[in-house]
Amino acid sequence: MAVIQSPDSLTVMDGRRNTSFRRRLAARFDTLRGVLMLLPTLVILGVTVAVPFLLMSAMSLWEQVGFGYGDGWSLGNYAEIAGEPLYTTLLLRSLAMAMAATLMTVVLVYPMAYFLAFHVHRNKLVWLIIITLPFWTSYLLRVFAWRVVLGYEGVINSGLLELGLIDAPLDFLLYSRSAVIITLAHAWAAFALLPIYVSLEKIDKSLLEASADLGEGPVMRFFRVILPLSMPGVIAGTFLMFIPTVGDYVTPALVGGPDAQMIGNLIALQFGTVNNWPMGAALAITMILAITLVGLMFLALSRLLSRWAR
Amino acid sequence: MSERHVMIRLSNISKRFGLFRAIEHADFDIFRGEFFSILGASGSGKTTLLRIMAGFEAASEGTVHIDGAPMDAVPPHQRPVNMVFQNYAIFPHLNVADNIGFGLRKLGLGRAERQRRIDEMLELIALPGYGARRSDQLSGGQRQRVALARALILRPKVLLLDEPLGALDKQLRAQMQTELRALQRTVGITFVLVTHDQEEAMALSDRVAVMDEGRVMQIDTPAGLYERPGSRKVAGFIGSMNFLRGVVLGRDGAMARVQIAGGGAVCRMPADRLNGAHGDLDLAIRPEKIALHARAPGPDALAGVLRDRVFLGERVHYTVALGDGGETVIVSAPNTAEADGVPQTGSTVWLSWPETALMPLSDT
Amino acid sequence: MKPARRHEFHRPNRALQLYAVFFMVLLYGPILFIPLFSFSAGLYIRFPIESFTLDWYGRLIGERPVLRALENSLRVGVSVAVVSTCLGVFAAKALVRYRVPGKGPILGFILLPLVVPPIIFGVAMLLMVNALNIPLSLYTIAAGHIIICLPFSIAILMPRFEGYDAAMEEAAADLGENGWWVFWRVTVPIIMPGIVASLLLTFTVSFDEFVMAFFLGGTDLTLPLYIWGQLRIPRNFPVVLALGTLILLFSFALVFLGLRIGRRGAIKLVDRG
Numbered sequence: 001m002a003v004i005q006s007p008d009s010l011t012v013m014d015g016r017r018n019t020s021f022r023r024r025l026a027a028r029f030d031t032l033r034g035v036l037m038l039l040p041t042l043v044i045l046g047v048t049v050a051v052p053f054l055l056m057s058a059m060s061l062w063e064q065v066g067f068g069y070g071d072g073w074s075l076g077n078y079a080e081i082a083g084e085p086l087y088t089t090l091l092l093r094s095l096a097m098a099m100a101a102t103l104m105t106v107v108l109v110y111p112m113a114y115f116l117a118f119h120v121h122r123n124k125l126v127w128l129i130i131i132t133l134p135f136w137t138s139y140l141l142r143v144f145a146w147r148v149v150l151g152y153e154g155v156i157n158s159g160l161l162e163l164g165l166i167d168a169p170l171d172f173l174l175y176s177r178s179a180v181i182i183t184l185a186h187a188w189a190a191f192a193l194l195p196i197y198v199s200l201e202k203i204d205k206s207l208l209e210a211s212a213d214l215g216e217g218p219v220m221r222f223f224r225v226i227l228p229l230s231m232p233g234v235i236a237g238t239f240l241m242f243i244p245t246v247g248d249y250v251t252p253a254l255v256g257g258p259d260a261q262m263i264g265n266l267i268a269l270q271f272g273t274v275n276n277w278p279m280g281a282a283l284a285i286t287m288i289l290a291i292t293l294v295g296l297m298f299l300a301l302s303r304l305l306s307r308w309a310r
Numbered sequence: 001m002s003e004r005h006v007m008i009r010l011s012n013i014s015k016r017f018g019l020f021r022a023i024e025h026a027d028f029d030i031f032r033g034e035f036f037s038i039l040g041a042s043g044s045g046k047t048t049l050l051r052i053m054a055g056f057e058a059a060s061e062g063t064v065h066i067d068g069a070p071m072d073a074v075p076p077h078q079r080p081v082n083m084v085f086q087n088y089a090i091f092p093h094l095n096v097a098d099n100i101g102f103g104l105r106k107l108g109l110g111r112a113e114r115q116r117r118i119d120e121m122l123e124l125i126a127l128p129g130y131g132a133r134r135s136d137q138l139s140g141g142q143r144q145r146v147a148l149a150r151a152l153i154l155r156p157k158v159l160l161l162d163e164p165l166g167a168l169d170k171q172l173r174a175q176m177q178t179e180l181r182a183l184q185r186t187v188g189i190t191f192v193l194v195t196h197d198q199e200e201a202m203a204l205s206d207r208v209a210v211m212d213e214g215r216v217m218q219i220d221t222p223a224g225l226y227e228r229p230g231s232r233k234v235a236g237f238i239g240s241m242n243f244l245r246g247v248v249l250g251r252d253g254a255m256a257r258v259q260i261a262g263g264g265a266v267c268r269m270p271a272d273r274l275n276g277a278h279g280d281l282d283l284a285i286r287p288e289k290i291a292l293h294a295r296a297p298g299p300d301a302l303a304g305v306l307r308d309r310v311f312l313g314e315r316v317h318y319t320v321a322l323g324d325g326g327e328t329v330i331v332s333a334p335n336t337a338e339a340d341g342v343p344q345t346g347s348t349v350w351l352s353w354p355e356t357a358l359m360p361l362s363d364t
Numbered sequence: 001m002k003p004a005r006r007h008e009f010h011r012p013n014r015a016l017q018l019y020a021v022f023f024m025v026l027l028y029g030p031i032l033f034i035p036l037f038s039f040s041a042g043l044y045i046r047f048p049i050e051s052f053t054l055d056w057y058g059r060l061i062g063e064r065p066v067l068r069a070l071e072n073s074l075r076v077g078v079s080v081a082v083v084s085t086c087l088g089v090f091a092a093k094a095l096v097r098y099r100v101p102g103k104g105p106i107l108g109f110i111l112l113p114l115v116v117p118p119i120i121f122g123v124a125m126l127l128m129v130n131a132l133n134i135p136l137s138l139y140t141i142a143a144g145h146i147i148i149c150l151p152f153s154i155a156i157l158m159p160r161f162e163g164y165d166a167a168m169e170e171a172a173a174d175l176g177e178n179g180w181w182v183f184w185r186v187t188v189p190i191i192m193p194g195i196v197a198s199l200l201l202t203f204t205v206s207f208d209e210f211v212m213a214f215f216l217g218g219t220d221l222t223l224p225l226y227i228w229g230q231l232r233i234p235r236n237f238p239v240v241l242a243l244g245t246l247i248l249l250f251s252f253a254l255v256f257l258g259l260r261i262g263r264r265g266a267i268k269l270v271d272r273g
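Protein chains in written order, with this note's numbering: chain A, 1 to 310; chain B, 1 to 364; chain C, 1 to 273.
So here's chain A without its partners, still in its complex pose (with noise of 0.2 Å):
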């Protein structure tokens, strides 16, 4: 005990040592302060969201042996998921559902963000806690709220028949491809309205005024002006509502159809009744590298693009 000394003694003996000590304390100071305060948030991010994801990479590389897992390591998931044909449309149709929804949205939702920029000047604040209210509220009842409306007896149906324009309920409404569009669309909007409204605000007023001064109608302007300087925005939400939309679990699962299903309700098969959690993981695994090859895909188009645009 005695013969190792604490640096306290050390620096007790030695003055000098003593103050550069504090000193080379102090400037740190600030950044140790720092990272001590993130630490909890960190490590608990570490547990709950690290160490999972590691733990799930590494058991898509197991294999399913009866209830057991089989020894070693193999790309036997990844070889079957690539191989058998109701993996890879189940993939293929989550990306272009979500796409299709992301567009449908992106598209339905710039005049609103446009309206909420140029044309809201009082209470603007409440107009944007209004649009965006319903996201921040259960996802579920607001995916099965679409079930009421497009139901076979739903709000549409029994509506148009109520009024005689059908004679008997349209049975494509709901458990549809198109109903999971509809609704993803309706229950992600947000995400994609928010940074396109944000981009137009900040378009510098003073630009249209110029730009009407250089004699450009309003049109011209709007497409000449507004539209390339949103284009950030218009990206941030494309990207927002398609990554989250393509592991979609609980809207195919309410308001679609046996051929409606998406590759998150897969990956829960997997861990419910098929029991492959292997293969869960593999799925999950491969959804998120297809989401991030069409992520930088849609990136490097949309800059190539604006190159040939400029």
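Quick partial rundown of chain A residues pointing at chain C, CB under 10 Å, derived from the structure:
1. Met112
2. Phe115
3. Gly151
Just a few of them, taken from the derived set where beta-carbon distance is under 10 Å, the chain C residues facing chain B:
4. Ala166
5. Glu169
6. Ala171
7. Gly179
8. Trp181
I should point out that these hints are in silico values taken from the structure, not numbers from a laboratory.
Just so it is clear, CB atoms sit at the ideal spot from N, CA and C, and this is done for glycine as well.
Please build the complex by placing chains B and C on the supplied structure of chain A, with the hints as guidance.
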């Protein structure tokens, strides 16, 4: 001077941020009861120096003593100094009285005593009855006074002021300068003020330290800085200044003879100012110390060509080119000097000045 | 000349106004059918509504599982809100005020759950919880919700810290308060609106969250899990509608309050993502 009580002693203070040297070897004393200013452009290190005194930054080298005690290991909240922040840092969630009384919590005073001290401060800053005001209902000048009161209520040994008038408009600033000076006299506390405004520093201070690029260039009284700037930088920073080149020709007793480059004329100046310098020399002269003549007043007058004349109301500024298109000199004269006729631009004029007006500079 | 030009850009645009109305109808229309049909006496969701009743709400009060689920959801929601807001205060302060190495990547990592499909986090955590032999319970649900709520807390609180001068804290230290007292006398009061907004919003997000709860829940159900179970039984739809109406009302009120109080943070939120 030497027997005065030292309130703050900066011993060889240096501060580095990474490779950037914010302060290099600041080494001076500030005396008790003094109004001391640190004057410099932004980035000169003046605010960093103030924050080292307050304890918000640690010096990389050197030690701060306050009233004789070393401050190395003393955190800001235990130092006997208080600060008025640049934007006043008035707590937005507290009213005026609670802002002023913020620091009293630790003294454990009774409610009545607390209230008495706050009222006393409100009286001092001429805002009686403002205690219940919300902080966002105050004007810029009022915020500044509240910030002062909040710092002074703790009766610190030193009050540090970081550009306290910078956020105010020009008219208010002049008024607050007067009030600040009066306040310092009333409370008798040592004030250390940081500013980039030379007029402010001159008007308020007993002594001024001029800083540039992390170095303390000169410390002197306002008059001393004005009349005897030690370097070109200080000379240029305070007031306006003409810079000339000259050659020392020789000495006649207490006077030295200096030939000015460009005009060729030989001037006389006190020899002791030269500090034994000889040969080529940098010289400076204030525009208002030069007299302009339409006819040569004597052999020592410098001849030049009048290039421009700008009428500024009470004063007139002349631009004169010396010799053959050599250096130009600005002359600032009261407009009464033109009673004997306005010189035409392009005509030859002569310049003269008192023997004590010419100042040698130590660097370039 | 100038006012005239301003007028041109500020002139109300009929078509856009109509579109805005259409958009709001599309946004709120479907949701409003839930409360509408919750008052319908019929067992089936269809027009015409023959008569109105409050029976389904009455039925709700007697449902013991609903009350249990409500209690569970409240417990999870409150603890998640408190934990993520506490963590958020410190993390946001560190990210805004201190020189922390790797600030950008750290922020990106923290905000990741705003974008990545929740199913990924749910499944991954399920794997870990299972590997560690931790039983699924309300605790595992709460842990999952913290992942989702932390980014909201931090994104709401960061602008609060950006919104006031760091000199406030220095001033308090200068006036003699140590770190602890500076925190309670200056930092907390100034960011209070952010704290309240964070508590309200993270509570609602947790209260209404389904996917994480679905993967990480055990036998104790939260309200969304209970509703999910009822959705398989069309006979129970009216009760679900009544329950859904109350949940929506409650959530909307809390979120409206939270966004109102949180202001800047809430709007900036997605801009950061």
